[in-house]
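Asker: So the chains spell out like this:
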Amino acid sequence: MSAPTTVTKTLKATTRLGLLKLGVKHWRRDIRSAEMRLLLVATLVAAFSMTLITSFTDRLTRTMEYRASELIAGDLTLRGPNEMPQEWIDEAGKRGLRHAPALAFSTMAYAKEALQLSRVRAVGESYPLKGSNQVSMEPFGSPENRASSPEVGTVWAEQRVLQALDIRVGDALELGDARFTVGLVLQQDADRSGNFYSPFGRILMRLEDVPKTGVVGPGSRLLHKHYFTGDEGDVLAYANWLEPQLTESEKLAGVVESETRVGGALEKAQQYLSLASLVAVLLAGVAIAMASQRFSERHYETAALLRCLGAHQQDISTIFLTKLLMTGLLASIVGATGGFFAHFGLLEVMRELLPGDLLEPRGMPVVVSFFCALVVLMAFALAPIQKLKTVSPVRVLRRELNPKPVTLNMYYLSAIGAMGGLAYILTGHLKLTLIFVIGLGLLSILYGALAASMLVFIQKLLLNPHRSASAAGAPKRFKALKSGFQQLYRHRYYAVSQLGAFAFIFTAITLIIVVRTDLFARWQASIPPETPNHFAINILPDKKTEFESFIERAGVKSSLSYPMVRGRLIEINGEAVTEVVSKEERPNAIQRELNLTWSAVLADDSEILEGQWWGPEKASDLTKPADQQAGTDTKRSVTGLSPNSKSKDDLTSLPRVSVESELATKLNIQIGDELTFKITGQVLNAEVSSIRKVKWDNFKPNFYMVFEPDTLEKFHHTYLNSFYLPLEDSALLLEMNRQFKAVSVIPVEQIIRQVRDILNQTTVAVEYILLLVLAAGILLLFATLLSTLSLRKKEAAIYRTLGAQTSYIRQLIIFEYIWLGLLAGILAVLSTELLSGVLYVQIFEVDWEPHWVLWMGTPFSAVVAIVLSGWLASRPVMDASPTRLLREVS
Amino acid sequence: MVVIKADNLSKSVSLGTQTLSILSGLNLEVNAQQTLAIIGRSGSGKSTLLSLLAGLDSATSGTIQLNGHELSSLDENGRAAVRNQHVGFIFQSFQLLPHLTALDNVMLPLELAGDAEADLKARAWLERVGLGDRLDHQPNQLSGGEQQRVAIARAFVTEPEILFADEPTGNLDPQTGQTIIDLLFNLNAEHGTTLVLVTHDHDLAKLCQRHVLLDAGQLVDGEAGDHTSHAGEVNSPS
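Sequences listed follow chains A and B, in order.
Heads up: the first sequence begins at 1 in our numbering, then just goes up one per residue.
Heads up: the second sequence begins at 1 in our numbering, then just goes up one per residue.
Next up, chain B with everything else stripped away, as it sits in the complex (with noise of 0.2 Å):
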């Protein structure tokens, strides 16, 4: 089942007199609990990508479905309700909040959508990612990797069907990026999540079971692994 298709989908920005073309034309469908990496170099488009893909953003022009729902015909709202109910964040920066404790953190995302158990859920999904002794701690009382797990658990605590992740492991060392990336992929797999991942990193690439690049605002053919014979076209995972 395609739970992500984009079409014709383009992005453009207007700068004073001038307008930057960010993505032109440009398809791609997503099956569920497919892994999808996206890549290219620094300034290639990839996080406007993530940003419409995940209704954080809005197309100039062209159309989007997630998880059914067409995301052009919706307004902000509309589309902070799908997000809410659909889709999960992990971002390089892990955008904790930093007056929050871990628990309150992973907390949020369920409270914003009224859970009453909203406690429970968070307290079990920290134990998860191994912080069951660190939910009172701040952001700044934790380490990087500390502190993308805390962003994991918040991403996997309202059990959506779709993940996005920007540079997952960008702000952390390859030692506990590893970790980082064996969890991600690890509870995805469990839970049957769909996971869009952007990154320039070929090796972080590589996990995910199809890939595209992305070049002068156009997807052209994966090349960390030749799972794809065109943009948009899905592979089967292996």
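Isolated chain A (complex conformation) (with noise of 0.2 Å):
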């Protein structure tokens, strides 16, 4: 006889590919079981919904990145003070990319007897590479779009140079020692980035004529910029490639990087969509998670069976993952392919609210999806699976057996793990994917707890001598409510994991729809129907009234004039600012120099977050007596650190200055610091008093740096002034020019349009994920109860079989369905506030409130929802037979 330990071994050497082929055909045989089905179905749910998200959003963002990306003229560009390496450039055209120069530099345009500094950006003739300039042969006339650069020999120039220099189309205007024709007025440069309110008129010009000039030479302050755009794999891999071997002063730029209004608003759209496939991810593995539960019990008889026979715990492993993955494979690749087939029906749902132009669909989010639907599955059915190998083999004799509680934290941890790591897929963001891996921790852990504790609290509540004395004389109903709580309380080993299904289904949909009405509520009333679509630059200082006036009495809704002072921020604390921070951290806003603006009042959109203020906070508080605002400000100091307004004692102290928040962030600027800027060729050094939380998406002026009153005035300063004016009304404009030749009037409506149609796009798409994730919900909500009906069958027919009517049962069934949906919209209202709070603060950057409406409304529309989906699972077991029920459960 061979010893014990050889039999295992020569057994195992000779089972393990037999084992996967058994595993194969025990799947075959088991994929029409219930069980089997309800695992199929929620994985297959899974992979059709991340399918269908994942395409639509994929097409529809690339879609939205590539339109914005006409903005930049190019999908990347690449910048910096001096000549950049020809090999870089040859770089791109290896790898595919399409390419354009530019040199930008400040001169004097001359035209007759006139001049007038301009900003000319001198292009390559292949620019713009994406999107186009926007020209007319009249000033102010309809804008047209070239997407071509001008000729050799032609120059483009914007309205207020050829108003400076009285000249029109057609007319002469020198460069240097080159002379041009002024061949269209430039209305809107392709490349859209850059500072807004630089007052100096633009001109465009190709490159090639730029030698003949002369003004560029050694020591002449010159911008390189290059273009670059062509498929996204390669401008990704080109980026990566090449920003390791930047310099300091070189900057690489993508749309959602660059600096403009788009680029914020197609993030927060982004982050949104993303939360929405999130969503969807986590309500399928949730329902993975109750089918798997469901399927590992009803084969505890299979795996003991098995065990009987011989087979080793890995055995049943590998025999039961390998159904398990089969099951995976099957549903992910239906899944898969049927949601990518949907998303084409989805986005022909949608033409009419889509742009025309849509990207082409690609593999990549069909393949993520497969994969992400595979990795759920294994991630929340693992545990359950895992189980089945710790049933003991003795369960054939004795069915009262279960498998032991064993520890199952370390899948339940690779479970959220798993999470964490598609989620990170699916959203490449790290924040928001922190935040929910922690939140799905925190909620797994909170459910389990206050489910728990819920129902052992109304239970002592309800089982109260003092309130059962009382209730004896209760109305029926409450004695059927109170039973109700009874039967969820002899159940409430799977009420737990019950509620804490609901309540994740339900936290899911209610926290898609807030945020979704919040933030696009939100966004919306960011750009009000009247939103500033003009901006007025270079007013001076004793024409600020009189233009004033002129505005005012045109009937045009302006807002404040804003002083502007151009200077540089060089120093912080002494220490000069390319020192503190490296040149990856710089941002933009102190390579170039800023405009400062002073102001007694904090503007209405913005947000002090440290130090104080130096005056009333809101321009509304200036009606304010004196002594008011003094109340009002102390009540806002939130350090207390500076003082209210100077004393004696600071009299010789440093003038004040606020930051914008994000830029103290990136130069680590604390309260107290001393900020030295250089102010045509003077310097200043002010003290940091207050840190500010700035709207950049407002399209009103807003500026970095706003010193108190009575510190910039000295300076040579101009003001800013920002209105709306329906854009056919080019005579006001024309007039405007006419009466007040230096200012320079910059329209910005065409990027206003563009950040609405993006928003309205994204409401849209949302809208439609927001039924999916309803639908996923409800499928889930059905998969949740038949966990339970095998079990309810049998109470049924216990029940029956003593004599109970089916109305008692119908009673019975229904009001412990009501306590489920109220426990668990509790708990979903709970866990919507707690990460709803946590996503707006920290990612979508807005103003957490309590949403009372969700107070009622959850466990409300949770109790509908669950009574409804409850009494269609649960009708067979009303009226079926004690008999027929105790078979099918046996």
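Derived from the structure by calculation, the hints contain no laboratory data.
Only true hints are included.
Stretches of chain B that chain A covers, calculated by requiring three or more beta carbons in the stretch to come under 8 Å of a beta carbon on chain A:
id: 1; stretch: 37 to 51
id: 2; stretch: 79 to 85
id: 3; stretch: 110 to 117
Ideal placement from N, C-alpha and C gives every residue a C-beta, glycine not left out.
Since each chain sits alone in its own frame, please combine them into the complex, following the hints.
Answerer: What follows is the structure in structure tokens.
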């Protein structure tokens, strides 16, 4: 007789492949079983919704990004003060990217007797790679798109240049030694990034013409810029290749990084869509967890028998994991394929609302979703499946032996880890991923603990003898409510996990609705119908009042006039800015001259985060008496470090400046720091007295640095104003130009329109995704309810055998569902508030307020949804005979 | 030759603070090719004893030798290997996997052992038990008697030295039960298998060469025919 150990080894060696085959065979035989179908459907839903959402959003965001890239005239821009190495440009060519070079410099433009300092952009023939220049034949004439650059010997100049030089299209304009013909009026350059408030008019010319002007030589302050475009992957690969080689002064930017307002809107839209896909994945995960729990429980007997017949623990794992994998493969293939085709349907339905020229679909979202669904299945099903190998073989003789509740923490942790990985793949957003993973972990713990303690608490409350006595005379409904709860309490093992699952479903749905409603309301509000669509700059101090009354007379809605001084931040606490931050971290804002301003009042959209403003915080406070203003300030003081107004001792101290919060973070600027500015050759020191949050996307004049009054007045300054003017009203602009020759008007209507378009498209996309999340949620609701169906059947059979009426059983079940819905609804509200709070503050950067309507609405909707679907799911239990029920259960 | 040897076997389970002793200091020897009936009242520990002897469970103390393998020295996977190679089972509730066909069910132990001829052997055994035309039927398409026949085929298909049967007729009507018993004992005799049968049916027990009564966790002298002088002492086959 062979030694036992030998027996084990021989067997293992001979059965490895056989076990896989056995697993596949069992899977084929088992595919029709209810629990396998549930698992299959749950995974299929996961794959389907992930593919549908990711294919859809991928196309939409790529298209939106593509369209936004029209605003920076390419997919990627590289800029720096020096000429770039030729090999960088050659490398782009090798990688199949198209390229357009440009050179920007400031110079005087002459015509006849007049001269005007202008900002010239000299571009290659292929410019713009994307988008188009807006030009017209007449000043303020209707714009026409030109996806080309001026011809050699010709320039396109902005209205304000022509106006200053008193010339027209067709006239001559001189730059240095060369003479050009004005070809067209430049209304908008294809590259819309850069400084909005530049006081100089722009001129677009050809790069080939630059040498003959003779204005560019050693020592000239130049900006070399290169535009690239090509396939997404190639552009990204090139950016990755180039990034490490850049010197301190060179900067690479794509659409999202570029400081356009469109970039910001796009980023928010992407974040929201990512969140929606995450929620879909989460729902799928919960469904799979429920389905595999049931799958596992239904296979205890099989596992016990296999063990009895000599299967090792790892054989059990192999067989069931094979079944799981086969299920996953089938469901993922069908689901991903279905989802991919469904996305065409979705686009078809939304054709009217979408940009006409959507980019072609890619295979990537399908492949990613396919694997994601598999990973979700494995992550959530692994724990219940691994439980099967711990089933004792003695169970073949004694059915009551359930597997030990093994420590599944490791599996749950790995499930959460896997979900985190997926979250990162889907969103590419680390912070969102971390919030998601930590939130998921906390919620699972919270749900378990809260659900269990809620059950115990209510049970105690209902069992209170005093209450029970009074309940004796209570209406029948109360008794039914009580027995319904006791029914739930009897099932508390299942109830806790069901409550958790329901809470997840309702949290997911509520969260998506709440975030959608709040965010879109806020985004839409950030661009109200009459958002300023023109900026007027270069308003001279002595013309300010005159300009304001001109605007007022015309009945045009305008902002306050802000003074503007150009200056550069050079030192922080006596240390050069270039020393304080490394090149990679250095924000654009300090690489060029900043627009500095002063103000007695804090702009309405701004908010003091740290320190204290020097006067009333809101323009509206200006009307209050001085003593009240002081009171307001004391209340609003955050740190209380700085005095509210200068005391006598402070009179000799530095002027105060308020710094925009993101810039402050990047430059590590703290309250009390001393900043040194260089303004028209003079040095000005100022002390940071507050850190201020600015809403950049409100299309109003915003500034990184705001000084207190009486500090900048001595420097040369002009005023800036923004106003809304219907596009067709060009007569007013012409008149404005005639009266205020120095004033330059910059139209931003197109950018506003683009941002609006993006928001509208995102809103529509989100509505659809919301429907999908809802549908997935309802499906999961059924899956969850079905998971306890056999238990209910067994109970119903016993009740019936003991003579219970159908109405009694019905009532019992319905009231149990009412409790389930109510408790799940409460859990869902709690977690929605928690999650939305974190998301708003950390990701979307909007203010959070409690959603009181949810506190009523969610539990109510949860009760209705669970009772309705529970009713449908439990119908077979209600009317069947006890014999049939018992037979079905066994 | 002794194929099953239990020495001073005890099994107790803890129920919260109390410990319930199911078997205590039990001794038993079973010879090759012997048929043994273990009888006893409900709850006397018959099934527990069977699960220990067959290596489905581990004893609290004492030793069991099964076909030369010391079960208490093996881990669960080691015992599984012994079960697969040397032991066959027949259960009261048949224990067929509902989603598999009759043929699949019979092939199962062979497949677990990596037997390349699983299909052929299983077909042959289903023929032997009279179910040659029911190969592709699933358990729910078979009668109770037919299901138990499938189970018998599955038990014999690995040609085990020892067969354990737990109330094999418990779920069958007397007539079908009789047919099943005839089949079981015929096959057993034919293959020279050692049969350990747990039952509370004295008529069924009488068909075995030897019987032991399990009472209060101890084996006492056989009562269905006086083949044992004391528990664990073995009579030769009649």
